[in-house]
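> Put together the whole structure using the sequences plus the hints.
2 protein chains.
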Amino acid sequence: MSSALTDLFPHPIVQAPMAGGVSVPRLAAAVSEAGGLGFLAAGYKTADGMYQEIKQLRGLTSRPFGVNVFIPQPEQSESGAVEVYAHQLAGEAAWYETELGDPDSGRDDGYDAKLAVLLDNPVPVVSFHFGVPSREVLDKLRRAGTFTLVTATSAEEARAVEQAGADAVIAQGVEAGGHQGTHRDVPENDGSGTGLLSLVAQIREAVGIPVVAAGGIMRGSQIAAVLAAGASAAQLGTAFLATPESGAHALHKQALTNPLFTRTELTRAFSGRPARALVNRFVREHGPYAPAAYPEVNHLTSPLRKAAAKAGDAQGMSLFAGQGHRMARELPAGRLVEVLVGELDAVRTALSAQGGPR
Amino acid sequence: MSSALTDLFPHPIVQAPMAGGVSVPRLAAAVSEAGGLGFLAAGYKTADGMYQEIKQLRGLTSRPFGVNVFIPQPEQSESGAVEVYAHQLAGEAAWYETELGDPDSGRDDGYDAKLAVLLDNPVPVVSFHFGVPSREVLDKLRRAGTFTLVTATSAEEARAVEQAGADAVIAQGVEAGGHQGTHRDVPENDGSGTGLLSLVAQIREAVGIPVVAAGGIMRGSQIAAVLAAGASAAQLGTAFLATPESGAHALHKQALTNPLFTRTELTRAFSGRPARALVNRFVREHGPYAPAAYPEVNHLTSPLRKAAAKAGDAQGMSLFAGQGHRMARELPAGRLVEVLVGELDAVRTALSAQGGPR
Chain A
4 MSSALTDLFP HPIVQAPMAG GVSVPRLAAA VSEAGGLGFL AAGYKTADGM
54 YQEIKQLRGL TSRPFGVNVF IPQPEQSESG AVEVYAHQLA GEAAWYETEL
104 GDPDSGRDDG YDAKLAVLLD NPVPVVSFHF GVPSREVLDK LRRAGTFTLV
154 TATSAEEARA VEQAGADAVI AQGVEAGGHQ GTHRDVPEND GSGTGLLSLV
204 AQIREAVGIP VVAAGGIMRG SQIAAVLAAG ASAAQLGTAF LATPESGAHA
254 LHKQALTNPL FTRTELTRAF SGRPARALVN RFVREHGPYA PAAYPEVNHL
304 TSPLRKAAAK AGDAQGMSLF AGQGHRMARE LPAGRLVEVL VGELDAVRTA
354 LSAQGGPR
Chain B
4 MSSALTDLFP HPIVQAPMAG GVSVPRLAAA VSEAGGLGFL AAGYKTADGM
54 YQEIKQLRGL TSRPFGVNVF IPQPEQSESG AVEVYAHQLA GEAAWYETEL
104 GDPDSGRDDG YDAKLAVLLD NPVPVVSFHF GVPSREVLDK LRRAGTFTLV
154 TATSAEEARA VEQAGADAVI AQGVEAGGHQ GTHRDVPEND GSGTGLLSLV
204 AQIREAVGIP VVAAGGIMRG SQIAAVLAAG ASAAQLGTAF LATPESGAHA
254 LHKQALTNPL FTRTELTRAF SGRPARALVN RFVREHGPYA PAAYPEVNHL
304 TSPLRKAAAK AGDAQGMSLF AGQGHRMARE LPAGRLVEVL VGELDAVRTA
354 LSAQGGPR
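Line by line, the protein sequences give chains A and B.
Going from the first sequence to this note's numbering is simple: count from 1 and add 3.
Going from the second sequence to this note's numbering is simple: count from 1 and add 3.
If you are wondering where the hints come from, they were derived from the structure by calculation, not from laboratory data.
Don't take each hint at face value.
Cβ-Cβ distance ranges computed for the label pairs, FRET-style [as the list claims (entries may be wrong)]:
| # | chain 1 | residue 1 | chain 2 | residue 2 | range |
| --- | --- | --- | --- | --- | --- |
| 1 | B | PRO125 | A | ALA7 | 48 to 58 Å |
| 2 | B | ASP51 | A | SER355 | 26 to 36 Å |
| 3 | B | GLY109 | A | THR265 | 26 to 36 Å |
| 4 | A | THR265 | B | GLU81 | 52 to 62 Å |
| 5 | A | THR265 | B | ASP316 | 40 to 50 Å |
| 6 | A | ARG138 | B | GLY211 | 45 to 55 Å |
| 7 | B | GLY211 | A | SER355 | 49 to 59 Å |
| 8 | A | TYR292 | B | GLY83 | 21 to 31 Å |
For glycine and all other residues, C-beta sits at the position ideal for the given N, C-alpha and C.
Shown next as structure tokens:
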């Protein structure tokens, strides 16, 4: 049987899994050691690559941690849309002296193999993104002693998460950096992403399972806020992306507080699915035309993003970031957890003192 | 000299001004009598129409209240864009058996005349939308004993508000129903609206003046949340739109919780400026093509919206609503204030009891 979420780690702080090499074992270890919940991101990795990271993390901490898994996506792009986008990106490939990736290099992200590893060698927490696992998968994980979390971006999705039997739901607000975990990518719904504070209240009333709030949270006062709104914990990505332990590219870390980058946007430019990133040249030029075709577009742009990073060109990289990016602090991850807890406790004290008329 | 915001009304609850006949004197009176801050909306009214409402309100309550004023907008639409949109709307006019409005029927919303009235007959609070008044205007109002508030949708805008000398800033999150109060309507920035919880934290750190949080707030727990994040009060629109005292059309009130309307969107379809509305036929058909041309488009569509309302056709009306619309409660406005305060106090008590590790 899985434990209750709140028994797993002392502070209501979850480090968001950030795929693409950001949530490395040393980051997850630092957060878990400090009393938060560290997370590994299995997305884009092989099952064995994921397993190696889990072993590494177990060597660094004996505290609970989580592993995030992507749900395979149905094919949805209109025939030809990916080809048209590839044509549009040809100039980028020439500029960075590389080739575009093969859009058809796999679409299930090794889901079954990863689940097999996670059932053979159970971890304390597993979270899912981009959809809801089957009831069978969630049951198996629970029987293995794993606490399960599934991301939702609306009250309807949260109901589906609860009905499938997950232990808790992550309410991901539109503020969040990186990929929105929307269960089905419906382009007509672009622009209807829900702000975190509204979403937490809506989901809190829609389901009975605990809610973890994610999206734009950078300060302990905001953690206090989501707890007030009914969440059991807060999940922070961008705040941890800036720490020295994170595996993010140095240019990505610097970009968070670089005044050159004034805003973020949900864009399909990098992966074919909406993801929040700092608006750079790549987003401006290709965002308006990128098709709804995940993971094909992700495969397509992978060499471009790597080449841009190698060339030190932040304007061609995927600078995923939440809306609070300018509030990022370059503190060690464990110290950041401490600071957040201090801020949270200060607000709790102040708020309770305000009881009754101000 | 103006009083501090927190001395003006006992509960940290502001009823958002909703133009177009929603924020009528009886609604503002009910909220102010219950210990919140009621608001009149001067937008779209003549200066005299505004003055008549103020007199009416003063007859209903002796408690403090506010009046909201729209800042005149610079001309910005590309030549011809309004004509093209008028052409697109011709079928609507035929369908509803009416004419389109004259797009050039005034663009300053009687700003100077309204200010003259508000300086001659000072009211406790004046708030501004769509920009920042001059320092001179804000100084005059302060000398008249009026507390001034100005809406901001980003930290940069909040700094401009503080620099102009306003007494407080309204942080309007992307969740908010109706018009975003963005100071300058820049279509390239569409899609970068900031979630309330991130915005409050950003603005809290950017300025020293008090912050009023607006956008998607429907429950006392969410008021507790924005207070935790550093706001001094919460402003609620949609929550009060559903009350019997509100002047909203019955179909508009019903639409808030009608399962037919599953989502909201920021759209220029009705006014030429982004406003959050329930997605109905009009938004779906015309939103994608509506130009950035406020107030021309507002004048243009005015007869259509009136005719649709008269015909009882919610699919042609401007059903402005925040993202929390489905949480609307059909309580009398004064009772709603009481319920919100009860919820707020319950959360304050619970949150302070959670101090330290959970």
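> Are any of the numbered hints broken by this structure? If so, which, sorted upward?
2, 4 and 7
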